[in-house]
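This note's numbering puts the first residue of the sequence shown at 1, with every later residue one more than the last.
I should point out that these hints are in silico values taken from the structure, not numbers from a laboratory. If you're wondering where the values come from, they're calculated on a predicted model, not measured in any experiment. Ideal placement from N, C-alpha and C gives every residue a C-beta, glycine not left out. Careful, some of the hints might be misleading.
Unchecked claim - Label-pair distances were calculated between CB atoms; the ranges are:
1. Arg30 / Asp101: 33 to 43 Å
2. Ser4 / Thr158: 44 to 54 Å
3. Glu87 / Ala256: 42 to 52 Å
4. Pro126 / Pro224: 29 to 39 Å
5. Arg214 / His261: 19 to 29 Å
6. Asp241 / Ile262: 29 to 39 Å
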Amino acid sequence: MSVSRVWVLNFDAEAELATGRRAPVPFLGRPSWIAHGDLVLDGAGPGPGEGVLPASGRDGVAWCPTPDALRLLRAAGARRLPRAPAEPTLRAANARETFADLHPLAAFGASVAETSGEVEAALRRPALPRHSSRAPAWWLRESLCAAGQGRFLAERWTRESAAWTERAFESGPVHVLPVVDIEEEFSAHAFLFSSGATAFGRHVGQVVRGGSWRSAEPLADSIPELETVLGEVEARLRAMDYAGPVGVDGFRWRDADGASHIAAGTDINARYTMSMGAAFDEVPTEWDAPRGPSQLTP
Numbered sequence: 001m002s003v004s005r006v007w008v009l010n011f012d013a014e015a016e017l018a019t020g021r022r023a024p025v026p027f028l029g030r031p032s033w034i035a036h037g038d039l040v041l042d043g044a045g046p047g048p049g050e051g052v053l054p055a056s057g058r059d060g061v062a063w064c065p066t067p068d069a070l071r072l073l074r075a076a077g078a079r080r081l082p083r084a085p086a087e088p089t090l091r092a093a094n095a096r097e098t099f100a101d102l103h104p105l106a107a108f109g110a111s112v113a114e115t116s117g118e119v120e121a122a123l124r125r126p127a128l129p130r131h132s133s134r135a136p137a138w139w140l141r142e143s144l145c146a147a148g149q150g151r152f153l154a155e156r157w158t159r160e161s162a163a164w165t166e167r168a169f170e171s172g173p174v175h176v177l178p179v180v181d182i183e184e185e186f187s188a189h190a191f192l193f194s195s196g197a198t199a200f201g202r203h204v205g206q207v208v209r210g211g212s213w214r215s216a217e218p219l220a221d222s223i224p225e226l227e228t229v230l231g232e233v234e235a236r237l238r239a240m241d242y243a244g245p246v247g248v249d250g251f252r253w254r255d256a257d258g259a260s261h262i263a264a265g266t267d268i269n270a271r272y273t274m275s276m277g278a279a280f281d282e283v284p285t286e287w288d289a290p291r292g293p294s295q296l297t298p
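Using the sequences and the hints given, assemble the complete structure.
Okay, here's the thing in structure tokens:
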């Protein structure tokens, strides 16, 4: 990597894709895998009369190349902007309903609802019994959400769940998921270069609390189910003309009878993730593209 980079860490990308507006979200901090000499913009861009643009001579990279992220990179004087899929493609690539048919809990009642009546009908079904002593329940999740936001815990259809559902429909369908007792969380990552090459990372175990990422470490062994889903996601994203980073999450959960299950493809993110530093020795960007369509490993 001969040219340093300038990054926009737009952790609110899902909110922008859903509404067209930036939204305040918790700043996750500068990922440890961003090179020491790289610049991270604070989101405001250069002010008037500041003279030399801060990113002059640097290649631009965005957590997710939304229109506002590209605007910030352009305003800061980035030497090159990252390849950005068309906004509808970027939105679809990150929407939960796009890959809902791959969700491993579909066999246990997970569904996508497009009307309040469909959400109500889903919540009136018996929820999946829990391994723990906690009451069975459902997660309602917005079409575009991340970091534990945009979700609602519901044991049944109530006035509160109805009000939340109406607000959620403003950004797309609602994903209804049974609550399960998670024992271990993990993820797989890849970078889809516009040249056709794909870099695959190591599978990583990650610590997530309250829906928010805490840490990640490489796993000793890869998880076949996760690898299968990542391959399918890669093919679908290519067909959508998407290029860029992708992460596929999964977890191990225990049912009411004590049996353990692997659920691969519980979240699919067409953007960078905090866990990518554990997946790759050097987290790839579009500017690291190899020649030819060969598939690479870290």
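task = Look at the Cβ atoms of Glu87 and Ala256 and judge whether their distance stays inside 42 to 52 Å.
result = 43 Å, holds
task = Check the following: the C-beta atoms of Arg214 and His261 are separated by a distance inside 19 to 29 Å.
result = With a Cβ separation near 23 Å, Arg214 and His261 satisfy 19 to 29 Å, so the hint holds.
task = Evaluate the given range 33 to 43 Å for the C-beta pair formed by Arg30 and Asp101.
result = Holds, at about 36 Å.
inquiry  = Given a hint of 29 to 39 Å, does the C-beta separation of Pro126 and Pro224 actually sit inside it?
reply    = 31 Å, holds
ask   = When you take the CB atoms of Asp241 and Ile262, is the distance between them in 29 to 39 Å?
value = 31 Å, holds
task = Please test the hint of 44 to 54 Å on the beta carbon pair from Ser4 and Thr158.
result = 52 Å Cβ-Cβ, so the 44 to 54 Å window holds.
Going through the hint list in order, the structure satisfies each hint without exception.
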